[in-house]
Amino acid sequence: MSKLSMSKAIREGLYEEMLRDENVIVVGEDMGTMGNPFGITLGFLDEFGPNRVIETPISESSFTGMSVGAAMRGIRPVVELMYVDFIGVAMDPIMNQAAKMRYMTGGQVNVPMVLRAPIGAGRRNAGQHSQCLEPLFTHIPGLKVVAPSTPADAKGLIKAAVRDDDPVIFLEHKLLYAIKDEMPEGEYVIPLGKANVVREGKDVTIITWSRQVLFAKEAAEELAKEGIDVEVIDLRTLVPLDWEAIKASVSKTHNVVVVQEGYKRSGFAGEISSQIMEELFDELDSPVYRVAGLNVVPPFSPPLEDAFFPNPQDIIAGVKKVLEV
Amino acid sequence: MSKLSMSKAIREGLYEEMLRDENVIVVGEDMGTMGNPFGITLGFLDEFGPNRVIETPISESSFTGMSVGAAMRGIRPVVELMYVDFIGVAMDPIMNQAAKMRYMTGGQVNVPMVLRAPIGAGRRNAGQHSQCLEPLFTHIPGLKVVAPSTPADAKGLIKAAVRDDDPVIFLEHKLLYAIKDEMPEGEYVIPLGKANVVREGKDVTIITWSRQVLFAKEAAEELAKEGIDVEVIDLRTLVPLDWEAIKASVSKTHNVVVVQEGYKRSGFAGEISSQIMEELFDELDSPVYRVAGLNVVPPFSPPLEDAFFPNPQDIIAGVKKVLEV
Amino acid sequence: MSKKKYSKELFLSMYEDMVRIRKFEIKLTECFMKGMLAGNIHTCVGQEATIVGTCYALEKRDFITATHRGHGHCIAKGAKTDKMMAELFGKVTGYCRGKGGSMHVADLDLGILGANGIVGAGIPIATGSGLTSKIKGTDEVTLSFFGDAASNQGTFHESINMASAWKLPVVYLCENNQYGVSVNIKSVTNTESIAVRAKAYNIPGVTCDGNDVLAVFETVQEAVAHARDKKGPSIVECVTYRMRGHYEGDPASYRSKEVTEEWAKKDPIKAFGEKLLEMDVTQEELDAIDAAMDAEIEAAMQFALDSPYPDVSEVTLDVYASDNERSVAR
Amino acid sequence: MSKKKYSKELFLSMYEDMVRIRKFEIKLTECFMKGMLAGNIHTCVGQEATIVGTCYALEKRDFITATHRGHGHCIAKGAKTDKMMAELFGKVTGYCRGKGGSMHVADLDLGILGANGIVGAGIPIATGSGLTSKIKGTDEVTLSFFGDAASNQGTFHESINMASAWKLPVVYLCENNQYGVSVNIKSVTNTESIAVRAKAYNIPGVTCDGNDVLAVFETVQEAVAHARDKKGPSIVECVTYRMRGHYEGDPASYRSKEVTEEWAKKDPIKAFGEKLLEMDVTQEELDAIDAAMDAEIEAAMQFALDSPYPDVSEVTLDVYASDNERSVAR
Ligand SMILES: Cc1ncc(C[n+]2csc(CCOP(=O)(O)OP(=O)(O)O)c2C)c(N)n1
Ligand SMILES: Cc1ncc(C[n+]2csc(CCOP(=O)(O)OP(=O)(O)O)c2C)c(N)n1
Ligand SMILES: [Mg+2]
Ligand SMILES: [Mg+2]
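Residue numbers (numbering that gives the first Met the number 0), protein chains in the order written: chain A, 0 to 324; chain B, 0 to 324; chain C, 0 to 329; chain D, 0 to 329.
Rather than coming from a laboratory, the hints here were simulated on the basis of the structure. Incorrect hints may have been included.
What the hints assert, rightly or not - With a straight-line Cα cutoff of 30 Å, these simulated DSSO-like cross-link-like pairs (lysine-lysine) come out:
{"no.": "1", "chain 1": "A", "residue 1": "224", "chain 2": "A", "residue 2": "201"}
{"no.": "2", "chain 1": "D", "residue 1": "185", "chain 2": "C", "residue 2": "166"}
{"no.": "3", "chain 1": "D", "residue 1": "198", "chain 2": "C", "residue 2": "229"}
{"no.": "4", "chain 1": "B", "residue 1": "2", "chain 2": "B", "residue 2": "320"}
{"no.": "5", "chain 1": "D", "residue 1": "185", "chain 2": "D", "residue 2": "133"}
{"no.": "6", "chain 1": "B", "residue 1": "2", "chain 2": "B", "residue 2": "179"}
{"no.": "7", "chain 1": "B", "residue 1": "246", "chain 2": "A", "residue 2": "246"}
{"no.": "8", "chain 1": "C", "residue 1": "133", "chain 2": "D", "residue 2": "265"}
{"no.": "9", "chain 1": "B", "residue 1": "320", "chain 2": "A", "residue 2": "246"}
{"no.": "10", "chain 1": "C", "residue 1": "185", "chain 2": "D", "residue 2": "7"}
{"no.": "11", "chain 1": "A", "residue 1": "246", "chain 2": "B", "residue 2": "319"}
{"no.": "12", "chain 1": "C", "residue 1": "166", "chain 2": "C", "residue 2": "133"}
{"no.": "13", "chain 1": "D", "residue 1": "185", "chain 2": "C", "residue 2": "230"}
{"no.": "14", "chain 1": "A", "residue 1": "251", "chain 2": "B", "residue 2": "319"}
{"no.": "15", "chain 1": "D", "residue 1": "265", "chain 2": "D", "residue 2": "79"}
{"no.": "16", "chain 1": "D", "residue 1": "229", "chain 2": "C", "residue 2": "198"}
{"no.": "17", "chain 1": "D", "residue 1": "135", "chain 2": "D", "residue 2": "185"}
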């Protein structure tokens, strides 16, 4: 088994898909010579040429809309927003065009595009470069939303996203890019909508995704020392949601903490919490509790930023609160 | 007491505020001669002149951003998106500029602007003109979010919104515009963040806002005939949220239905549900249940659109589900 | 223009399509008045020369993006009035099974990439279609219809800049009917024309009389040939006038009656009919077209009325191409 | 240009500000290398003539919007290097109490409406400031800095169109350093200049040598006078070059070393120093400025280092102007 960083793993997944299907293209700023700020498309221009590596001007609204048009004609664009925060300038083509096209045309046409976007705080990138913003996507019917936590998952999921006939939002945490991990041998695809129980436990379930999976695992190890046996579910995909996995775990542990990095108010954690309330109320020994980012603007100053988003200690505190220990 | 439609009530509120404070301006498409498609600014151009009635080209991103700039200089712009669905082209100035400016500048500057936007389905306006989209705003720290249900509230709240020093998103349901109701005499302002218990009851609490308040009241009347005593809370403001009102009611009825017109997934109803779970779990006799729009694109065809968003019958079913009757 | 090059059949066909569009929309306005039709109905009455002249400059394999005012665009590109009418009535026999309605008619087989309810949103979509032809090495041209007011949307600038940089085979067709909803273009821009903006992208930009179907036809043909020859995009501006309100129900009191009456005299269908009579076309031939169109539109309406609504279960259908049930449920 | 009109003091002050900006940023790069500084640091090394020439054409009461590459803009508009440095170190003594950092420095009292992390977002904000002056009938001018790449953002088009239609007192100042991050402007646009786009709005557009501080000064003065005289906006393009990577840590391997070396020879500070020596300025005077700036920047860094971080409780402060606690809590 070899090790890869998440950025290299995503690169590998994209590379394989571009080799496999000539309709797959990449679209975005600095995708060519530079190969994107994180090296995701390094070498692609030489390999696939300028017809398949579309290096755009800073015109997110139009290059995203352009990708919708190309997707309607059978191209499979993988578009990049340099930071998810920039969705503010490109929301219409995602929410009103890509997401709605199939339905509004009565099923005539698919929009098989992927929007890749780095998310997350912790890099001192301040207010406009540190957000997660999942609910802006999960609220919009017609979008699928993926947020991997490991290099191996990222590769398998980006391949699934490229092959999916629906628009897929693929959220990559910037502080995961450099983390290396084991990669499976050979070709593989991880289907969208399948969660991963990354740690089994019987006392409490932590449901989370993206970078917080790592923090949840850290918290779980700490808690194990105190005799608390934590199950950690890495959702991997927010839409479609793996409800069966959630249900099985909640029915086993009867205690739940949902963890997300993004702003708490109207976050996706609340959606999960309310679904559990609605359907698994009788399974609960305690209220589902959310551990989430504060409802503030991401601050620049390091001590403030560190206080802004959850860390393993916050998760531990959340678990203890739920278990009343 | 006189009666006014909600569109006239909002017009009156804006008119009074423009008279009161010369820094208040209106900005948007067709605000001048036409006075906006719903007559909200009818006559304003004659009264206040082109320096205060800024009739813009179709450039939402820039006229919203322009309003942020003007607000930073002490102007109090009331900007209009002709439909909330168009936020896709103007999300950046709202989410990354208006919402964050005060915090990012360490409290130096306020952005006292209002973004008015019609919301809602039921007018056969199809996929791109029928959304509610509250979570796109409630998720972003720095924004306040208001969604009135009556003409009297709309007037008092728009005045509060104009006077507020923070960016306020003011959501007006299109199917409420024409509905007339009693207006209080004299000048009044309704503070942001104060919910209204529009019907007292002891068996179950319905928490909702905007047009669904009317449906909830209808449902409550029906249910009263069956001996079910429903309390209806009209939130009026989603951010800041009147938690005290929710807490008082839930602690009384012990059963809750949260109703929203917009898409269920990641809707604001889920946020309320999870807050109740977290803090009032022991008060609950039954799981909080959401009645909400389907996770689909708003369809044009009348029978499909009617099935897309909640009606009083859906609310009745929701209440009965919660009460297990 | 040298009318000799074109056949009488072609001209009669153009005339027929202009009449078809007109009668289709007049029928809509009647139905709307009677409360038979719901939603926002934007007609292009008065703009038929721009629409038909433009679409006749395209091949069947070419693509268009239409606007919120898109009935004419679709019909001129080959859409059938019965399926159009059914769509506007929300019936399952419509182009989009009733789910799209007036602002979202699409037929990919006809090269109609969809009308669009977001002003300016079709421009990047057309640009992406142009990019696709370039990537695939095929020679279809894509034409994007948009209004004068849409030319102030950021997507206009961004998209045309990209198309110019990459020499994409796209024609940007501005239907300058001089108004957004109530706003005259002159009050929100400071240029003599929209076409002059082509200078900002170093591409051809030309303005023509949008009520003269043959002028439009020839002008757009040049732009299409330019695109087909891989010489890149261009802007064509057709100056015309919308004779009715922005949508049905709009009294259009923001414009002067006099100006509207002046434009009524320049009715594009009447003008073209007169031109045809000066050529070797007879009044009987024109009358026959008129009658045929009356019958077609009547039948289209009947088809719409007779068609069923989609079953309510369709409300959750086709949000997603795969995993639809699960993704809609949660 | 007729240098006679200007005083020696003015020129020395300009020189001093160019040196101040350069030394401030070189200090940043050193701190970044040592791991003392976090976040993305975009320097404007090589672009000081554009920045200082521009800001000297403005009055104190005038406004600017800065960009992600905004240290120079702020300093040239009057920001103090100690409070700037403290901000970049995330200290509570910084302009934004450490909450904004490099990309969000603002000082409303100095007319700095903020740097901005979103490319193109400052353009509408500046336009709104111009609108404010028009509404209030005051005569401040607002100037919006933006890069060559930002000129492809939709806000450029939308904002300048509005400013032109309404004759707003705004100067749109394009720092054309020829690159976005790695993308050369020539590969994503098809025009000779950015200034040519002024034709699309019927306003003045002019290009000048962005490494010649006096050329920039005079050119911008004209644009500012035009705006102040209520004649409307204009576009000024200053052609220059960024000598370092896009941000610290970027090796800039996407550009040829030769071109960068050519531009190194055109260093704007060196060039201006030589010009001053040809006038009645002595080497000693320049050296004294150099030494004073070294001392100022050293002190600024020391101030930043000595300053405390904001208290952690500040994380929830100032999200809202009113009802902050409650709105943050839920
Ligand atoms: C982004 C957006 N803004 C505003 C609207 C509302 N609206 C629909 S059509 C229209 C006017 C469009 O004018 P123009 O582009 O000239 O086309 P025309 O209606 O004249 O055909 C407006 C403002 C919209 N649909 N989308
Ligand atoms: C909307 C948006 N898109 C992309 C970025 C990422 N980004 C930051 S600076 C930059 C390049 C900007 O180039 P230019 O406008 O020429 O300014 P310069 O950096 O050369 O000063 C990019 C792509 C961003 N911050 N915002
Ligand atoms: Mg128009
Ligand atoms: Mg640049």
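Verification of the supplied hints:
no.: 1; hint: A:224 x A:201; result: 15 Å, holds
no.: 2; hint: D:185 x C:166; result: 14 Å, holds
no.: 3; hint: D:198 x C:229; result: 26 Å, holds
no.: 4; hint: B:2 x B:320; result: 37 Å, violated
no.: 5; hint: D:185 x D:133; result: 36 Å, violated
no.: 6; hint: B:2 x B:179; result: 6 Å, holds
no.: 7; hint: B:246 x A:246; result: 28 Å, holds
no.: 8; hint: C:133 x D:265; result: 41 Å, violated
no.: 9; hint: B:320 x A:246; result: 20 Å, holds
no.: 10; hint: C:185 x D:7; result: 48 Å, violated
no.: 11; hint: A:246 x B:319; result: 24 Å, holds
no.: 12; hint: C:166 x C:133; result: 9 Å, holds
no.: 13; hint: D:185 x C:230; result: 18 Å, holds
no.: 14; hint: A:251 x B:319; result: 29 Å, holds
no.: 15; hint: D:265 x D:79; result: 27 Å, holds
no.: 16; hint: D:229 x C:198; result: 26 Å, holds
no.: 17; hint: D:135 x D:185; result: 41 Å, violated
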